[in-house]
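Residue numbers (my numbering), protein chains in the order written: chain A, 1 to 373; chain R, 374 to 746; chain E, 747 to 1119; chain U, 1120 to 1492.
Honestly, I wouldn't trust all of these hints.
Stated by the list, open to error - Simulated coverage check for chain U against chain A, where a stretch passes if three residues somewhere in it have a Cβ under 8 Å from a Cβ of chain A:
(1) 1378-1388
(2) 1438-1446
Said to hold, decoys possible - In silico lysine-lysine, DSS-like type, Cα no more than 30 Å apart, as pairs:
(3) E:K1116 with U:K1324
(4) R:K610 with A:K237
(5) A:K369 with R:K610
(6) R:K738 with A:K370
(7) A:K365 with R:K742
(8) R:K743 with A:K369
(9) E:K983 with U:K1484
(10) R:K610 with A:K205
(11) U:K1484 with E:K1111
(12) U:K1489 with E:K1111
(13) A:K237 with R:K738
(14) U:K1488 with E:K1111
(15) R:K742 with A:K369
(16) A:K370 with R:K742
(17) U:K1488 with E:K951
(18) U:K1356 with E:K983
(19) A:K237 with A:K365
(20) A:K369 with R:K578
(21) U:K1489 with E:K1116
(22) A:K237 with R:K578
(23) E:K1115 with U:K1324
(24) U:K1356 with U:K1484
(25) E:K951 with U:K1356
(26) R:K742 with A:K237
(27) U:K1484 with E:K1116
(28) R:K610 with A:K365
(29) R:K738 with A:K365
(30) U:K1188 with E:K1115
(31) E:K1111 with U:K1356
(32) A:K370 with R:K743
(33) R:K578 with A:K370
(34) A:K365 with R:K743
(35) U:K1356 with E:K1116
(36) U:K1356 with E:K1115
Hints in this document: simulated from the structure, not taken from any laboratory.
Note that CB positions come from ideal geometry on N, CA and C, so glycine has one too.
4 protein chains.
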Amino acid sequence: MTTLTNPGSSVRARDLGIPFDGEPGGLNAITDVAGVEVGFTTLVTGEGPLRIGEGPVRTGVTIIHPRGKDGAFDGVWAGRFSLNGNGEMTGVHWIDEAGAFSGPVAITNTHSVGLAHHGILRWLVRHGGFNPETQLWMLPVSAETCDEYLNDINGQHVTEDHVLAACDNATGGPVAEGNVGGGTGMICYEFKGGTGTASRRCTIKGETYTTGVLVQANFGTRRDLSIRGVPVGRHLKDNLLWERPPHVHAQGSIIAIAITDAPLMPLQLQRIAKRIGLGVARTGTPSENGSGDIFLAMSTGNEVSDMGRDVDATLRYLPSHELDPLFLATVEATEEAIINALVAAETMTGQGGHTVHAMDHEALKDVMKKYGR
Amino acid sequence: MTTLTNPGSSVRARDLGIPFDGEPGGLNAITDVAGVEVGFTTLVTGEGPLRIGEGPVRTGVTIIHPRGKDGAFDGVWAGRFSLNGNGEMTGVHWIDEAGAFSGPVAITNTHSVGLAHHGILRWLVRHGGFNPETQLWMLPVSAETCDEYLNDINGQHVTEDHVLAACDNATGGPVAEGNVGGGTGMICYEFKGGTGTASRRCTIKGETYTTGVLVQANFGTRRDLSIRGVPVGRHLKDNLLWERPPHVHAQGSIIAIAITDAPLMPLQLQRIAKRIGLGVARTGTPSENGSGDIFLAMSTGNEVSDMGRDVDATLRYLPSHELDPLFLATVEATEEAIINALVAAETMTGQGGHTVHAMDHEALKDVMKKYGR
Amino acid sequence: MTTLTNPGSSVRARDLGIPFDGEPGGLNAITDVAGVEVGFTTLVTGEGPLRIGEGPVRTGVTIIHPRGKDGAFDGVWAGRFSLNGNGEMTGVHWIDEAGAFSGPVAITNTHSVGLAHHGILRWLVRHGGFNPETQLWMLPVSAETCDEYLNDINGQHVTEDHVLAACDNATGGPVAEGNVGGGTGMICYEFKGGTGTASRRCTIKGETYTTGVLVQANFGTRRDLSIRGVPVGRHLKDNLLWERPPHVHAQGSIIAIAITDAPLMPLQLQRIAKRIGLGVARTGTPSENGSGDIFLAMSTGNEVSDMGRDVDATLRYLPSHELDPLFLATVEATEEAIINALVAAETMTGQGGHTVHAMDHEALKDVMKKYGR
Amino acid sequence: MTTLTNPGSSVRARDLGIPFDGEPGGLNAITDVAGVEVGFTTLVTGEGPLRIGEGPVRTGVTIIHPRGKDGAFDGVWAGRFSLNGNGEMTGVHWIDEAGAFSGPVAITNTHSVGLAHHGILRWLVRHGGFNPETQLWMLPVSAETCDEYLNDINGQHVTEDHVLAACDNATGGPVAEGNVGGGTGMICYEFKGGTGTASRRCTIKGETYTTGVLVQANFGTRRDLSIRGVPVGRHLKDNLLWERPPHVHAQGSIIAIAITDAPLMPLQLQRIAKRIGLGVARTGTPSENGSGDIFLAMSTGNEVSDMGRDVDATLRYLPSHELDPLFLATVEATEEAIINALVAAETMTGQGGHTVHAMDHEALKDVMKKYGR
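Looking at chain A on its own, in the form it has when it is part of the complex (with noise of 0.2 Å):
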């Protein structure tokens, strides 16, 4: 089975009354900052045992594209953060040099990112196509994290196919969540995990501003999860994984994309990227050493003049003692994603037999009752 169309999501944190701070954007996703579009293509086929090559397949491609698909060669400025970085974000050297990239980012598995890298270019060619006045090359950004548990990774079973129709479905709107698109095979906490979303809007000298987050949640310990402060792994401790063979335990990674409307210069996007780990932090996490804990910030509050693109080279940003309202909301959108991406996904098996159970919504809430939430 092969779904190529956001399904929309489903069951959601708020939905079992877990409480969060903040005010959220109308949709609680990465789509509520204007513009963004986000597309998944997901790879669910076969059972059994694992035949490399062959299958059990549970991965897929997101892709995010900030300005939309017409403005995939617009660019964004930018910046990042690698909080234990076990995993591969592309695109990074000219980030970090010039706070700024183009193109959508694709997020899949740890074997596949080359693939999808590859296949940005060939959408990058196919749709627009590069202008020999200005942009010659481009520097894709590809991120993953490591679904070898569920799925054939070794298989390398994303095509460019693949990633050209997560880059053509790509629409604003609601996200799916959970076991979707790059999600598909990802674990958080030993519970089944995968994609997650949420936003946060503040206002800063009667400016409103909307900042979203989506991750890709395959990280944690079970025995560390925290849910609001309430230390809810101690008490559900069913079906846990890493105590199982192979012992090469805690083999997550995270992968979060902020975007935010706010108009900020890359050095603050890189400071906003910090905060996406503050964020994870608060889910309980010590960040494992097998962890790709990678982030990346972005603003689309103003244009880029950069490679060729001549716009006016004028950029406004906020003073930096503006930015807590940000720094929060950047804390607490990556929070509620998380969560968002434990409660949407579903149980699931994968290659070699392997199951990976969704986390149990009626325990959740009652472990949440017994700590006063």
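Fit chains R, E and U to the supplied structure of chain A, relying on the hints for placement.
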């Protein structure tokens, strides 16, 4: 009043029944790591309105000798991380480059950090002195947080003699907390803050290692305070500070120093330093713009062959995939050190009659109970 | 025409009498470091106007196995430096974090760097394969420079098979230079550029170490070219390229890979990587904005205990104060590798009939003589 | 003898006929950038054997006000780069974080860098003072190189008054070079070194910008010295220093400060700071381990809205693809500033009777001629 001796610790977070994870060392302090010595000079003089240069004075200096006074020239491997660089920690260029430094570490107020740097060098010249065959100069580590709300910071009251005294009076054993040394005039989550410490033991491949943390806690907005997941700051709302003029709020910082006896490479110590930030995040802050959240991690588990010192140039290290217990130990010790600072600090009135209140221990216990702790 | 074998080197800078400092290894190549193997796939097909997807093709892929094909899963300690990040080198998050990586290194063109990443993983799966007890995934290093002036870069002509072939055909011994592998379609100081290599020996505390460098040289403006201090670019002014339309000039890059058998820690390898930039500077460039000047340094002098590999976790290193000979060796080998690329490369006509001329050896000798060299 | 006034410059590299590229500003000095003021305190007292604390003294302090004395609280955008971090430059945490700082910049000797930091704050308190509504504290930039060969560095002879004097006596106009201010006791390529400056103009999109550099040059081994590509150090071999005991050779450093009036973002200023390193490389050094090669770049082309200062939060910047002339200007000005320091410095005898000889101007001219310059 000038306190030159280490008064020993008073009430600590565990005394109030606050539950923590992990196994602390015997003192639950940075001095649980063999060889570590801590010294303080505490300066509390004058009352009434601020007269720059005359006081009132509410400040001091904290000194940490990672290998004791006698090992001041020996060096430790080190790594650092700046979560939010609105502060100062000198010596980081060489720590970034070589992953090592020597000499004591000073923590004081923002406008005395240069003098503390100067004083460390004076102390080194007088106690042992530089060896013209090997070590011709040193690049001391001096860090700071800002006590301007209570202290005549612009009077720069810390003198060379104060630094020398703290270097000299440093000892192992219990460590004073709260209004002591560099932490004397500090504020944390709008409560009185200051110095705090904690430690953790963990076992890796049959070896037990001790990791200690000392913080100078001067950060945070009350609303954000979370203690072991309980939103304490939403309940204890007396004596808020940041709503008062001057409205330059959240002018805090946290300097945290971690020392472990686990044998680690410099890059691995950078990773430990990053985990300090996750421990800070557990107390609720989004790391505000005005905060200098700068962290240093060291290992005493190997000698350092550097700067002319020709010890055996062999380093033991822990494989990356064995580091998780140390990461968790660092997060937990940092979290507890901050809460210890909050619990130990006592109400203080300083310059301009400004008063910062201590956290009410009974009220804290009530809130914790309400949330099932 | 596709060349899958290593043709061996042709004319080199020393053959023209250009004087260099330091003592090279036996081959004056990166393969002087024991165990290093280099492989190429060179793609030269088609003529005439550009038709995207059909050619003309002037590109390829270069593969470096730091520990040979048989040591692909063993890992090397590593550090990297980006002098100007307008380019791509994947795998750097983990190199920054853990100071190590495993697998071969690929260098290709900008729009095939993802496919080369993909191909490395395919090769690893087929040759040895991942051990489910230890290494479940890998984060390959794939780097690029841009050959769009001569090559149909948007046709993405490098295939999985091309990458596999370069991985397989890699050998020790002499290394081809100029229009070979990833360097096939490259331009350097407006002359034909491409692949170059050199090495240096140095002795530290009685031990002799070998440091080799391989560059894919595709950078620089003629005016700035300096060879051994002689302003060659001011004299050899034929066939300039950047004054022609399209005026997107200086679209170059240099990827440089240094390998040493000296035992170094990761932080020390970051320092070696920085010195590559000083070698590049000796050829005159100010490191232009359009250039992706990204450098990787590795040491084979210690085994790596990481990612589940439990070799003895002890590391030998050189004290900081002994590193200068290695720094100089790196600078000198980088400088010579670039000049070797310029000297070896032959005139090439590619897409759109674009021709890039080789540097005239006799004219070069004349200029050198004029300046006393 | 204490010199508190700016003596104006003496012999410069161009006076000897050394050819440089590019167009300098009117003074060929950092003060060609409008508003920049430079001040010195030069300390030369005592003769004979070293008695720590008593001398002989050969040191000083250099002050740069990027926006003049009157603009000390206004802030400049900034970025920094450490080529080899064996040195100190305070204030970099906030420069890395916010890309801005305020206050004057000090350069002095290694063991007085803390006192210079202290002195800057004292000067700020006295001259203008902190505004309790906006700027409660400052994080000064104080940097150093090591003059222990000539100066009683452990006597820490720079006082608060010396720093205040250099802050106060700073002016625009010609800048003294050689044995002046912080450069008084410095050594460069085993010749007498010290303070040097130069500037370049470049035109981008019709606007002319000025970039000035000031160096405190105290680095390098004679053998490596290259002037405009000529291997001067191989020919001028008198009075070598590093072969004499103590054999702790190459104990140098270079601090370089670049200021431009081009409007740049902080990330772009980090790129400028990196180019300083390429200018240093042109003089031949491989950036030795013992050298603290730390560079700071600032732009006065935009106001800074930060730390409570609410100026219009709009920033002009140059698109990345327009930066090359500024990169080249920085490289060229750095190179010339270093040669100017070498040419201006005069032979000095200091502590212990150590003598460091000036470079012989006539001998230099002879070597240059031999190589066609």
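| query | Which numbered hints does this structure break? | reply | 3, 4, 17, 18, 20, 23, 30, 33
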